[in-house]
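Protein chains: 2
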Amino acid sequence: MTHNLSIALAHHPVQNKNGDTITSAVTNLDVHDLARCARTYNIDTVFVVTPLEEQKRLIGQLVAHWVSGYGATYNPKRREALAGVQIIESMEAVKDTVALRHGVPPKLVATAARPPRETLDQAGLRDLLETGAPVVLVFGTAWGLSPAFLENADHVLAPIHGRGDYNHLSVRTAAAIILDRLLGDR
Amino acid sequence: MTHNLSIALAHHPVQNKNGDTITSAVTNLDVHDLARCARTYNIDTVFVVTPLEEQKRLIGQLVAHWVSGYGATYNPKRREALAGVQIIESMEAVKDTVALRHGVPPKLVATAARPPRETLDQAGLRDLLETGAPVVLVFGTAWGLSPAFLENADHVLAPIHGRGDYNHLSVRTAAAIILDRLLGDR
Numbered sequence: 665m666t667h668n669l670s671i672a673l674a675h676h677p678v679q680n681k682n683g684d685t686i687t688s689a690v691t692n693l694d695v696h697d698l699a700r701c702a703r704t705y706n707i708d709t710v711f712v713v714t715p716l717e718e719q720k721r722l723i724g725q726l727v728a729h730w731v732s733g734y735g736a737t738y739n740p741k742r743r744e745a746l747a748g749v750q751i752i753e754s755m756e757a758v759k760d761t762v763a764l765r766h767g768v769p770p771k772l773v774a775t776a777a778r779p780p781r782e783t784l785d786q787a788g789l790r791d792l793l794e795t796g797a798p799v800v801l802v803f804g805t806a807w808g809l810s811p812a813f814l815e816n817a818d819h820v821l822a823p824i825h826g827r828g829d830y831n832h833l834s835v836r837t838a839a840a841i842i843l844d845r846l847l848g849d850r
Numbered sequence: 665m666t667h668n669l670s671i672a673l674a675h676h677p678v679q680n681k682n683g684d685t686i687t688s689a690v691t692n693l694d695v696h697d698l699a700r701c702a703r704t705y706n707i708d709t710v711f712v713v714t715p716l717e718e719q720k721r722l723i724g725q726l727v728a729h730w731v732s733g734y735g736a737t738y739n740p741k742r743r744e745a746l747a748g749v750q751i752i753e754s755m756e757a758v759k760d761t762v763a764l765r766h767g768v769p770p771k772l773v774a775t776a777a778r779p780p781r782e783t784l785d786q787a788g789l790r791d792l793l794e795t796g797a798p799v800v801l802v803f804g805t806a807w808g809l810s811p812a813f814l815e816n817a818d819h820v821l822a823p824i825h826g827r828g829d830y831n832h833l834s835v836r837t838a839a840a841i842i843l844d845r846l847l848g849d850r
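These protein sequence lines are chains D and U, in that order.
Residue numbering for the first sequence follows the working numbering, starting at 665 and increasing by one per position.
Residue numbering for the second sequence follows the working numbering, starting at 665 and increasing by one per position.
Derived by calculation from the structure, the hints in this document are not laboratory data.
It is possible that part of the hints are untrue.
Where chains are identical, the list cannot tell them apart; a pair therefore holds if satisfied intra-copy or between any two copies.
Below, in silico cross-link-like pairs of lysine to aspartate or glutamate (EDC-like), each with a Cα-Cα straight-line distance of 20 Å or less [claimed, not checked]: (1) Lys681 <-> Glu744; (2) Lys741 <-> Glu753; (3) Lys741 <-> Asp829.
These numbers were taken from a predicted model, which means no experiment stands behind them.
Between the sequences and the hints, there should be enough to build the whole structure, so can you do that?
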């Protein structure tokens with residue numbers, strides 16, 4: 665297990681098309697996809713971050729169905745993946761949870777398609793993980809993590825370059841690529 | 665542009681949980697995600713393969729909205745991605761279309777989480793692409809491409825290994841990882 669790395673899927677604080685800070689709705693497929701990615705790369709926890717009680721309840725029901733309800737026998741591989749999902753109200757609560765678990769607060773590494781500041785590259789992230797420090801890799805929804813969050817994160821990861829300038833991947837696919845580049849078997 | 669490579673998202677022939685050959689329904693997010701991935705790696709065409717007229721119509725409407733309807737001005741980056749989507753009724757039609765375009769029929773490289781035969785590795789796929797031959801990389805939905813399709817494809821690509829044995833990624837994330845391993849700026 666990559667015990668000191670966890671991932672967070674943030675629905676707040678994220679930005680809308682105009683750069684305003686908003687809260688986005690949770691997309692079921694995001695939860696499934698990121699949970700399966702985390703399991704594939706031996707990451708223990710996927711924090712699904714939303715301050716909205718109704719959203720927490722809905723995603724809670726989805727996860728419970730597949731982890732302990734009928735779905736658990738119907739699709740054990742999905743249960744295995746979704747068992748790593750932790751629904752939580754804020755990035756502050758993520759930090760507190762990880763700090764309790766590891767004894768020190770985590771480093772937050774934000775991801776962004778168009779980072780507003782100097783970035784940390786893959787090698788730098790690997791070095792950070794090798795210190796054993798707890799690290800949370802944070803993915804934004806909607807139009808990405810808010811400007812304030814990106815400004816205050818410990819690091820912002822360098823964006824994905826494919827074969828040209830186009831860089832508008834969904835959070836599902838961006839997260840998969842980032843995790844594979846970091847931890848994949850090649 | 666990686667002119668001789670295209671990708672196909674097959675809803676037939678795929679298999680269900682029991683290994684029977686079925687036709688699955690198209691998932692909107694699959695189309696968006698694969699279209700964006702293709703654009704990121706400079707792949708011209710994403711074939712969305714379904715024999716069902718109603719499905720073809722629905723996906724046609726989705727693509728038309730974002731490519732030539734209101735959506736085209738609302739989100740030009742989505743338009744740019746979805747402009748590469750071609751909705752088509754079968755893998756035979758995909759082969760014919762590519763053959764017309766390139767003058768020779770394409771090699772079909774199937775993907776599978778648990779390949780039933782010897783596989784082609786990433787290096788082998790790169791070599792194949794470098795010959796200039798047209799290649800279609802085929803992704804299955806539901807529980808993956810049908811046994812018969814996997815048996816008859818020219819090649820089956822080696823599956824993704826992460827950090828352990830778990831290999832139950834969604835088609836969206838598996839496709840992203842495969843394309844990035846093949847074409848990404850690493």
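Quick rundown of the hints versus the structure:
In this homomeric assembly, Lys681 and Glu744 come within 20 Å of each other (Cα to Cα) only across copies, at 17 Å, whereas the closest approach inside a single copy is 35 Å. In the homo-oligomer, the alpha carbons of Lys741 and Glu753 never lie at most 20 Å apart, since the shortest distance is 27 Å inside one protomer and 31 Å across protomers. When the C-alpha separation of Lys741 and Asp829 is checked against a cutoff of 20 Å, the pair qualifies only between copies, where the shortest distance is 11 Å, while the shortest distance within a copy is 36 Å.
When held up to the earlier numbered hints, the structure conflicts with hint 2 and nothing else.
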